[in-house]
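Make a model of the complete structure from these sequences and hints.
Here's the letter readout for the chains.
Protein chains: 2
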Amino acid sequence: MALVVQKYGGSSVADATSIKRVAQRIVTTKKAGNDVVVVVSAMGDTTDELLDLAQQVSPLPPGRELDMLLTSGERISMALLAMAIANLGHEARSFTGSQAGVITDSSHGRARIIDVTPGRIQGAVDNGQIAIVAGFQGVSQDTKDITTLGRGGSDTTAVALAAALNADVCEIYTDVDGIFTADPRIVPTARKIPRISYEETLEMAACGAKILHLRCVEYARRFNLPIHVRSSFSHKEGTWVVSGAATRDENSEGIEMEQPIISGVAHDRSEAKITVVGVPDKVGEAAAIFKTLAEAGVNIDMIVQNVSAAATGRTDISFTLPVTDGSAALTSLKKIQDRVGFESLLFDDQIGKVSLIGAGMRSHPGVTAKFFAALADAGVNIEMISTSEIRISVIVGQDEVDTAVTAAHRAFDLDADQVEAVVYGGTGR
Amino acid sequence: MALVVQKYGGSSVADATSIKRVAQRIVTTKKAGNDVVVVVSAMGDTTDELLDLAQQVSPLPPGRELDMLLTSGERISMALLAMAIANLGHEARSFTGSQAGVITDSSHGRARIIDVTPGRIQGAVDNGQIAIVAGFQGVSQDTKDITTLGRGGSDTTAVALAAALNADVCEIYTDVDGIFTADPRIVPTARKIPRISYEETLEMAACGAKILHLRCVEYARRFNLPIHVRSSFSHKEGTWVVSGAATRDENSEGIEMEQPIISGVAHDRSEAKITVVGVPDKVGEAAAIFKTLAEAGVNIDMIVQNVSAAATGRTDISFTLPVTDGSAALTSLKKIQDRVGFESLLFDDQIGKVSLIGAGMRSHPGVTAKFFAALADAGVNIEMISTSEIRISVIVGQDEVDTAVTAAHRAFDLDADQVEAVVYGGTGR
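For the protein sequence lines, the chains are H and L, in the order given. Just so we're aligned, residue 1 is where the first sequence starts under full-length UniProt numbering, counting upward by one. Just so we're aligned, residue 1 is where the second sequence starts under full-length UniProt numbering, counting upward by one.
Hints may contain errors.
To be verified - In silico BS3-like pairs for lysine-lysine, Cα to Cα no more than 27 Å straight-line:
| hint | chain 1 | residue 1 | chain 2 | residue 2 |
| --- | --- | --- | --- | --- |
| 1 | H | Lys144 | L | Lys144 |
| 2 | H | Lys291 | H | Lys334 |
| 3 | H | Lys30 | L | Lys144 |
| 4 | H | Lys30 | H | Lys20 |
| 5 | L | Lys282 | L | Lys335 |
| 6 | L | Lys335 | L | Lys291 |
| 7 | H | Lys210 | H | Lys370 |
| 8 | H | Lys144 | L | Lys30 |
| 9 | H | Lys282 | H | Lys334 |
These aren't lab readings, by the way, just hints derived from the structure by calculation.
Listed below in C-alpha cells is the structure:
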C-alpha cells in the first residue's frame, strides 16, 4: 500500500462542482489501495476577495491579522472537500496547518517551514481516513500565531508533509498536463516532459516557468521525494520530477547520450533592466552599488559589466530585477549617485528573458552556438547573456520573446508531431 | 481600570464600514481607561452563505466538517476588526475560540462549554493589547476538533470569557437600545427596561424575546456577571441584566413596592399546538406519550390536560412545541396510537404565546385577573394557560398576538409617554 500526497490548487476547487469532481478523484486513488493525504488551496478567487476586504478596512494591515484572515480560505475549501468525500461514503477529516503540525518561523506572509510534526495526520491515515490539510498555512513556533507561507505555499505544504510522512509520491495537480518543453500558449507544439530532474525543474522555475515553485522543488530535492505534476482535469500521466540519477535510470537499458540534451525553453516577462551608466572603474564601486540594492531588499537576477573603455576609465553596469522592485532600486541608487560618481541611470521594463534548460548541455559544447544561431536566424537581438551549467539565459526585447522561444524550441528538436497540451484555466496559490 | 468584554453580532460587522465604526467604539472604550476584550460574530450573512455552499456539496454534511467550515466566518470578521483597530493606532490581536481557551464537549453544532482557559487573552490584555475573540466556536476537550456552540453561541462565548477573566461587565451589542417592555415593532410605546434580573430575562428569552439567548443569561447568572445590553448604533445606556438583589439595590433608598410589578410582555409565534384526543384516563398513559416525544427529540413547552369526562373515562392532552418539531412529534405519536389507545391527533400551527413577566408579580395576587381581564376586553380568546412564579403565559390565536400584547402592555402601565425604540436591522448569531 502506497501513501500518496495530493495537492489541488484553487482552480481545481473553484466551486461546488469542481470540489465534487476532485472528491471523486481522491476516492478513486483511495479505492486503488492507497493511503491518501490531500493538501488544498483556497477556492478560486477567495484569497483575492479576502485581500480586497482587508484593503477596504486598512491600507496596511498587520501581517499577523492578514494571515489570520487569509487562512480562512483553506478552511472553507478543505471542509467542503471533506464533506464531498463523506458523501461518497469515505471518511475524511480536515486539518488546519496548525493541526497538521506545520511549524514555521514568525515571518507573517512569507513564513518558512521549520518542522513538520504530522502526528494527527498519521493518526487519521492509520484509522483509514482520508486527511485533508489546509495548504499555505502553519503556526509559528515562538508565538503560536497563525502564519502563511507566501507564494507557492500550498505546493510547499504538500511536499513538506509528504516528506514528513515518508510518502511514496507527492502529486501536484494543476490545470495543464505536466511540465512542457515550452509554454504551450506560445509554442503549440510543445511536448510534455515525462521525467525531469530537480535541478532542471529549479532552473525552469527560476526562469519563469510557473508550474512549480522554487521552494517546493528545493524541498523535494532535499528529501529526494518524487513529485508528479499532473492535470486535475484528465487521468493522463504527467511529469515526474525526480533526482538526476533517477532520470538517467529510466534510460539505463539504452545509452545515456539518447537523453535529450535540452529539457525545455522557459521565458519570463516579469523582469526589468537597470543600467548604471559611467561608473568609475575603481575597486569597490560595483560592490557599493549592489550593497545598496541588497539593503533596499531588491532581488538581482542577471548582472553584466561592460569592459571598461580605457579612454574614460568608466564602465556601464547592467542588471535585471523583478519589475516590481524597479522603483525601490532606482530610489536607492539615486541616493548614492554623488558618492559613487556614476553618470546616470537607465530603466527598461520592455525586456524578456528566454532560457534554454537541460542537464545534457553540460557535455555538449555546441549548445550555446546553436542557441544563438537560432535567435540570429529569427532576427532576435540579444541584450544580455547569463549561463549556468544546465542553463543559458538571454535578455531580449519583450516583443521578441515569442519568436525567440519558438525558434529555440524548433532548433533543439523539441517540437512534437502534434499539439499535446490543453491549458484548462488559471493557477492556484 | 475596568475590564470590559464587548460582544458584537453579525449585523454590527456586516461590511467594511460597519467594522470601522465598531473599531472606533472599541478604541473609545479603551481610551476611557478600560481593558477591552471583544467577542465578534461572523459578518452579516456569511454563515448562511457558507451553509449554502455546504448544501451544494453535500445534503447531510458531517458535523465536524460543518463546524470547520462555519468557524471560518468569525476568522474573517475578527481579523478585519483587528486590522481596523490597528489602523486607529491601537494594538489588537485576534484569537480563534481554540486560541482563546474555549474548551467544549464534542457535540458538533451544539457544543457546551466545559472550561475557559484564557491565558493568551489575559496575556494580550496585560500587554495593553485589545483582544478580539471569535465567538460561537471552541475546541473539543477530547478530540481537539473545532466545535461550534449553536444558537446564541457568540453571546455565550462573551459571557463565559467575561466570567473566566473576572471582567467587570459583559456588554452585548445589538441593533436595539436594550431590552424593551414589549417588541417595539408591535407596541411602539414600549419602554426600555433600565435594569432587569437574570430570572426575568430568562423568562423573557424562554418566552420568545430574542435579544438575549437563554444559555448566556444562565451562564451570567451562575457567575453573577452583569450584562449590559445596548445598541452598537448609539451611545445610550441600554439594559443592565443583574441579580435580583442588585435590581432591588437600585431602589434601596426608596421603597421596594415602587419596583414595577411587571417587567415586560413577551411573545412567540414559533410554536405549534398538538392535542391528543381521547386518551384513556389510566395511570401511565400521559407518561407513555411524553416518553415517546422525548425519545423523538421533541422539546415540549406548555402542557394542559383536561379534566377527565367521567362518562367516557377519556381525556384530552394538549401541549405546545416548536413548530419545526411538529412532524417528528406527530410521526412518533402515530406509532403508539394503538398501544396507548387514543382516538386522534390535532395539529395547530396558527397559535401564538403571550407572556407577562415580572418578579414583582409574586407578591401581587391580582396580576392574573388583571391580565385575563385585559385580554377579554380586547376580545382575545385564551386557549391555554401556564404560570411560573414570575410569569404568566397564554396561548392565543396567532392573529390575536399583537392585540394581546398591546392590551397587556397598556393594562400594566408599561407604555412610555413617547416612542423610545429604534430598531436598526437584523440580529447576528
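Checked hints:
1. Between the alpha carbons of lysine 144 (chain H) and lysine 144 (chain L) the distance comes to roughly 16 Å, so the proposed pair stays at or under 27 Å and holds.
2. For the suggested pair lysine 291 (chain H) and lysine 334 (chain H), the alpha carbons sit about 14 Å apart, so the restraint of at most 27 Å is met.
3. Pair hint lysine 30 (chain H) plus lysine 144 (chain L) holds up; C-alpha atoms about 26 Å apart against a cutoff of 27 Å.
4. At most 27 Å may separate the alpha-carbon atoms for a hinted pair to count; lysine 30 (chain H) and lysine 20 (chain H) meet this at roughly 15 Å.
5. For the given pair, lysine 282 (chain L) sits about 19 Å from lysine 335 (chain L) by alpha-carbon distance, which is consistent with the 27 Å threshold.
6. Pair hint lysine 335 (chain L) plus lysine 291 (chain L) holds up; C-alpha atoms about 13 Å apart against a cutoff of 27 Å.
7. Proposed proximity of lysine 210 (chain H) and lysine 370 (chain H) is supported: the alpha carbons are some 26 Å apart, at most 27 Å.
8. Using a Cα cut-off of 27 Å, the hinted pair lysine 144 (chain H) and lysine 30 (chain L) holds, with the two alpha carbons roughly 26 Å apart.
9. Between lysine 282 (chain H) and lysine 334 (chain H) the CA atoms are separated by roughly 19 Å; this keeps the pair inside 27 Å, and the hint holds.
In this structure, none of the earlier numbered hints is contradicted; all agree with it.
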